[in-house]
Structure formats: C-alpha cells, structure tokens
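Student: These are the residues of each chain, in order.
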Amino acid sequence: MTDDKTSHPQSSEGISMNQPTATSTSSRPGVNIAPQATGSGFPAADDSVRETAPMMELRDVSVYYGDYEAVRGTSLPIRQNQITAMIGPSGCGKSTTLRSLNRMNDLIVGARVTGSVTYHGQNLYAKDVDPIEVRRRIGMVFQKPNPFPKSIYDNIAYGPRVNGMKVANMDHLVEEALTRAALWDEVKDKLKSSALSLSGGQQQRLCIARTIAVKPDVILMDEPCSALDPIATGKIEDLMHTLSREYTIVIVTHNMQQAARVSHYTAFFTAEVDEKQVRHGRLVEFSGTQKLFTNPDDKRTEDYITGRFG
Amino acid sequence: MSAPSLTTPRAQQNPSGVALTQSRRRPGETLFRITLQACLLIAFAALAALLLWVLVKGWNRLDSRLWTEMPTGLVSRINGAGVQSALVGTLWIISLVALISLPIGILSAIYLEEYADTTKWYNRLLELNIQNLAGVPSIIFGILGLGIIARALGLGFTVITAAIVLSLLVLPVVIIATREALRAVPQSIRQASYALGATKWQTISRQVLPSAVPGIATGSILALSRAIGEAAPLIVLGAVTFITFNPDGIDSAYTALPIQIYAFIGRSQAGYTELAAGAIVLLLAIVLVMNSVAIFVRNRFEKRW
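Taken in sequence, the protein lines are chains A and B.
For the first sequence, the positions run 1 to 310 when my numbering is used.
For the second sequence, the positions run 1001 to 1305 when my numbering is used.
Among these hints, one or two may not hold up.
Covered stretches of chain B (in silico footprint by chain A; criterion: 3 or more residues with CB under 8 Å from a CB of chain A, positions within the stretch not fixed) [said to hold, decoys possible]:
{"id": "1", "region": "1140-1153"}
{"id": "2", "region": "1197-1206"}
DMTMM-like mimics (lysine to aspartate or glutamate), calculated; alpha carbons at most 20 Å apart, straight line [claimed, not checked]:
{"id": "3", "chain 1": "A", "residue 1": "K291", "chain 2": "A", "residue 2": "D274"}
{"id": "4", "chain 1": "B", "residue 1": "K1200", "chain 2": "A", "residue 2": "D67"}
{"id": "5", "chain 1": "B", "residue 1": "K1200", "chain 2": "A", "residue 2": "E285"}
{"id": "6", "chain 1": "A", "residue 1": "K150", "chain 2": "B", "residue 2": "E1302"}
{"id": "7", "chain 1": "A", "residue 1": "K192", "chain 2": "B", "residue 2": "E1302"}
{"id": "8", "chain 1": "B", "residue 1": "K1120", "chain 2": "A", "residue 2": "D106"}
{"id": "9", "chain 1": "B", "residue 1": "K1200", "chain 2": "A", "residue 2": "D128"}
{"id": "10", "chain 1": "B", "residue 1": "K1200", "chain 2": "B", "residue 2": "D1117"}
{"id": "11", "chain 1": "A", "residue 1": "K276", "chain 2": "A", "residue 2": "E246"}
{"id": "12", "chain 1": "B", "residue 1": "K1200", "chain 2": "A", "residue 2": "D130"}
{"id": "13", "chain 1": "B", "residue 1": "K1120", "chain 2": "A", "residue 2": "D154"}
{"id": "14", "chain 1": "B", "residue 1": "K1200", "chain 2": "A", "residue 2": "E133"}
{"id": "15", "chain 1": "A", "residue 1": "K235", "chain 2": "A", "residue 2": "E223"}
Listed next, with one range per pair, are the computed distances between beta-carbon atoms [what the hints assert, rightly or not]:
{"id": "16", "chain 1": "B", "residue 1": "L1107", "chain 2": "A", "residue 2": "R112", "range": "26 to 32 Å"}
{"id": "17", "chain 1": "B", "residue 1": "V1018", "chain 2": "A", "residue 2": "G200", "range": "33 to 39 Å"}
{"id": "18", "chain 1": "B", "residue 1": "S1205", "chain 2": "A", "residue 2": "S193", "range": "22 to 28 Å"}
FYI, nobody ran anything at the bench for these hints, they're computed from the structure.
Note that the coordinates shown come from a computational prediction; the quantities given were computed from them, not determined experimentally.
Virtual Cβ for every residue (Gly too), placed ideally from N, Cα, C.
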C-alpha cells in the first residue's frame, strides 16, 4: 500500500494517514437506505461510534456577515474518524458553521469569525495560520457537484499539482483517489474525457475523489446529496461510511434520515429570534446520533425530529 | 360562446370534450412578431445597401493592385494606384494596439473582478469611470493624445502615438468584455479550487482565466475591430492623407485605411472615389475576418456549465 502512496512533506506529524486496503468498497454492515426498516439503523449498531479524541473543536464560535451575527456561540467537538452531522431548518447557520471549519468564509466579503476553531490543538483563526494550508488539510465537498471543466484525470490531479505535492506517479494517485471514491470502475476507460460528461452522482463522487487526492484529514460535506437521486445518494452514503475509517467527516444535511443513517454524532441547529427580532443560528443540542434521534434532551430537538417543526 | 371559452366551437365537438386546439388568432402576438422582423430587416437592408454600393462602386479596383500599389496624388496616375501604405499603416497600428491594450485591459479587469474590494469607494469610483470612458467620443481621445502624447511626451505624429491613443480608446471595451467573461465563470469553480488548497493566483490562472478565454478573446477582437475603423482620433493625430512609403517603425509617419478613404472620397475625380470604395471593401474584409475569428473562438472554446 505504501509503495505507491505519495508522501507529503507536511503531513508526517501525528496525523493518522494510514489507510486500510484501498479496495474496501462499500461493505458497510447492514446498509439500508431506510433506517427504520431493520433494527435501529444507526451506525451505532456496528459499534463504530467511539469517543475518539476530538480532531477539531469549536469553542464559542460566532460567525458574522458584516454586522449580522449569523451563528451565535457554537461549541462542539469533531471527533476523529467519526461522521458528525449538522442538521436543522433552513437559515439555522449549519452551512455557515461548516464553512468556518476550513476558513471558506474568508472568501465572503465582510465575513468574520469569533471564538476559536482548533484543529489538532491549533486555532485556525490565529494570525499566523495560512488559510491555504488549512483548506488543504480540511477539504470540502459542495452541495452542487462542481467538477472543473477539465478531464476526469485533471480534476483529480489539480489539487496535488497546485499544492506542490511531490507525486512520484500521478497515474497511481489518480487511480487510488478514484478507487477510494468508488468511481474507478466506472471511469477507468475514459479518464481523458470531460468530467462534465459524467452523471450528477458520478460528478459528486469525482468531487470527493478530488478532495481525497490532496490527502486531507477532515472532509466537510455541505449537503452533498441534495442534488442527487436516491440511488446516487445511497452510493455517496456508503462511501462516507467507508471513508470515515480514514477520515473525519462533517456533513451538513437537510435530510434527517440521512443524518440518522450515516452519522455517529449529530448537532442540531435552529434559528432563534432575539430581542431585536433578528434571527441567529444557534446550536441546540449535540450528542451521539442515536441518542439525539431517540431520546433528545431538548424539547426543540424533539419537535424537529418528530416533524412538529421545520 | 359557451362556458369554456378556451376552445373553438369546432373543437368542442371533439367527443372527449377536451380541446386544446387554438381557438382564435391573437393579433397582438402577430403584430409584435412582424414589428421585430421589420426592425431586423431595416438593420439588414441598410448594411446590404452599403455593401452593395461599395462593391459596385469599387468593383473595377478590386484586384491585387489595391495592396501592391501606393496611393498617388496625381489624377493621371490614380487608375494604377492602390492603398498599400495605408494598409500597412493600419496593420502596424492594430498590432501595436493589441500589444498595448490587451495586456493592460485584461489585467485591469482581473484586478477589478477578482481582487478589488467593491465595498471600497475608490474601487467603485474606478468602475464607474471605466463605464463612462467607454462612452467618450473618440475625437476627445484624439485631442487628449495630441496634447499629451504627441506634444507633451514628444512622440509626435507617429505610428506609436496613434497606437497609444487607439489603445486608450478601446481599453474600456476590453476591460468591460473581460469582466463579463470572468463573471460568467461560476463561483462554484472558484470555491472548488480554494477548497483544494489552491491560492488565489492559482485559482485565477488555472481555472478562471482558461474558462474565460473564449469571452475575453471575443471581446478583445471586437474591440480591435472597433479600433481599426476609427478615423476621428487619427485626423487630429496627424495621419497624413497619403504617403508613398510604408511605415518602417513605431516612430515613422503613417496613414491608415480610414484616413485614406476619407482623403480620397473628398476628391471629385471618379478615380479617387472608385479607389476609396475599393479601400472600404478591403477594410470591411479585414473587420469581417476578425469578427469571424471571434465567432470561431467563441463557438470552438466556449464552456457550457
């Protein structure tokens, strides 16, 4: 495994980059799209929920757009090799919070973050932190598949190239990334054709492969399945499950069943109206997914997950 | 009329009772379409008449002498004359305009579109003024060039002066066209690039610019074809009415096709008007070729999202 693996000079510290055999495509125990059908349907059923060390930690994070406070005082841990889901109604600040985890909010004029987001103990918002380096380690997959208008091969190779990764054999790296994203078999004969010729679901897996190719620690997914049909969604969910063995994943989703199906931990956000009639996103509850969906502590969580609200 | 007035009486006889056939003429629709077609026809007829006129008028002169022979001031020799010096002058000027205006225009547009913080007043002022500059009459640029470039900078009535002034003239057009092209590249592409750890310059140079090339090329070529037909600024910039030698450098005296046409057409002798018509056809052909290249580039390389 390690012989064809490219090494990155900066990623040699304690960050776990060891992979199990890459061909472990979607052998998730009891994969079922409808969780209520068999047993609990929660990942907890396969004992993969663990209180691993937090890879990232949000402490009292507020995100502002100009003077508007979009998200207020969020604190939660992102545990290593676990899938953390963020759910909640529209406008509750879950995507905004997600984007604060790899400084994508920097790209929005007037956006600013207070509080701290630590990654391996380092505050991402410290003055000397380079957002470029942050985004290389904390990758992101977007709501709408957004492959580059280039070939499939070049989509994967782009990240390693711009990062100046020393890649001994780019072909291997492309194959490895596509294999892990469970896309290799479908595209191996047309690596040179345009990424835009793929179907929506394939494009989204390509975007995941592209993210994996730069060997990040954390993958952020912002409603990655909302533009996809149920079959493509199922494939992405299987993929997330497989990937969580090697990566830490944070997913924002509108789909509560999806959160219940794939995540180990869930954070429920809601929009609160303050005394001045301004809406702010707010974290209501964070706990293990099974607990949050079966025995939530907060009344608002219960109302939301039972469909009485939102 | 019975209750469902959407249907014709004939259609109501349809046994199913559901009739979707067109019930009555909609005069407004027809009238609007005819108006649109009439407008198109007017524009097209004017162009066709112009083309036809110059073709008929200049027919006798449409041969290789047009570009192999020099113009002349002697009526007796006009029938064997051409416009070579003007053609070469035009090619000199337009090449220099491309060299000056395209890099400056494209880089300015990249700054405005990708780097400038549009919440800052000076950037907004800059934007507003570029829009305004695009609307300034070309003769004003000519006078500016005469005062500053020809006289104050001492470049004189030379090819380079003409090229600089025409570059300034088309710069706003290049900037605006390039900005449009950059804006057409979806934000999601930039985000995807940043999310992979690319820097701003990497994102612009490897994703945004390549995707915007068709739009930039099209806009640039159209801007250059505007510059090629400009006569007004050159009149004040001392383009000579005819010269019998080709410009041999950027500091050479020159004339250009529009100026040559203007000079010939003002003379009463038939030989001159014929040669002017021939030169117009030549100028139109150059513009047409450039616009065809623009269309080809756009169709060939345009990205569909």
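Student: Check each numbered hint against the structure and report the violated ones by number, ascending.
Tutor: Numbers 1, 3, 4, 5, 11 and 13 - these are the hints that the structure violates, sorted from lowest upward.
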